[in-house]
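**Q** Residue strings, one per chain:
2 protein chains.
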Amino acid sequence: MTPHFKADPAFDPGSIVVCDWPLCQVRLQDDTRFPWLILIPRREGLHEIADLDPAGRAALMEEIVRAGDVVRMLAEAAHRPVQKLNVAALGNVTAQLHVHVVGRRHDDGLWPDPVWGRGAALPYGPAALQAAASRIRLSQAG
Amino acid sequence: MTPHFKADPAFDPGSIVVCDWPLCQVRLQDDTRFPWLILIPRREGLHEIADLDPAGRAALMEEIVRAGDVVRMLAEAAHRPVQKLNVAALGNVTAQLHVHVVGRRHDDGLWPDPVWGRGAALPYGPAALQAAASRIRLSQAG
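Heads up: the protein sequence lines correspond to chains A and B, in order. Counting from 1, one number per residue, gives the positions in the first sequence under the working numbering. Counting from 1001, one number per residue, gives the positions in the second sequence under the working numbering.
Excised from the complex, chain A in its bound form (with noise of 0.2 Å):
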């Protein structure tokens, strides 16, 4: 969105990028105990919502429908359909301004807690996390 964006190095430990929609970088987490996208606002220097004009925000939120749809797909092609989504912008940990969509199912290891500060990953591994990622690019949703 500005010449300038760049996702802040931490977001790549523990995700890889798919692809850009309008507004946002689209990451994949690589932790497969759950379908799990991150949206990052191609703009320099944001923290809060709140930084976004009122145009970014609503395209922010059109985003995280479609996010879940992504979400809902990957867990549908995985066999575990999602049955609630967990859509969250944080910034705790690390302060640029992304937006987690997560699908959560009642056997997924830690409902109904969130996600966030729980457990260790567990990672695809480099091919099957491209694949993934390669699925969504693929998708009509992504």
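Some hints here could point you the wrong way.
Stated by the list, open to error - DEER-style ranges, computed between Cβ atoms:
hint	chain 1	residue 1	chain 2	residue 2	range
1	A	79	B	1079	37 to 43 Å
2	B	1010	A	93	37 to 43 Å
3	B	1079	A	121	36 to 42 Å
4	B	1078	A	81	22 to 28 Å
5	B	1083	A	134	37 to 43 Å
6	A	80	B	1010	31 to 37 Å
No lab work stands behind these hints, which were simulated from the structure alone. As the structure is a prediction and not an experimental result, all values here were calculated from the model. Every residue, glycine too, gets a C-beta built ideally from N, C-alpha and C.
Once you have looked at the hints, place chain B on chain A.
**A** Here is chain B on its own, set in the frame of chain A:
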């Protein structure tokens, strides 16, 4: 928003109704550890953000921003300014669509963890809770 809207009674033990905004019922969480509002869109049968139409979603986004202003105001009145807002639509415990807007500080006792499902609430006490709700109603943001 619809005549049939009713907040789930599960919200009652932990929060009080402050006022109605164009879309949402605004509730104050009864927990002095954090300045914390809950927004419940006043339409029937909502569980996910995607259950709102696009206009409703845009309205929700703007009320999230407004709730952030209220949370900042409450925090400043308590001489503990907000350092980060946490915004989340979870719904794992109470499925009716609602959004938490929580003011966080590095010294708030749970930082950087999320607030949900961690530690016990520290209630305001009835008079202080009503006073905080009044302060919100009388404020510019409220």
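**Q** Next step is simple, just say for each hint if it's right about the structure.
**A** Results for each hint:
no.: 1; hint: 79(A) x 1079(B): 37 to 43 Å; result: 52 Å, violated
no.: 2; hint: 1010(B) x 93(A): 37 to 43 Å; result: 30 Å, violated
no.: 3; hint: 1079(B) x 121(A): 36 to 42 Å; result: 38 Å, holds
no.: 4; hint: 1078(B) x 81(A): 22 to 28 Å; result: 43 Å, violated
no.: 5; hint: 1083(B) x 134(A): 37 to 43 Å; result: 39 Å, holds
no.: 6; hint: 80(A) x 1010(B): 31 to 37 Å; result: 27 Å, violated
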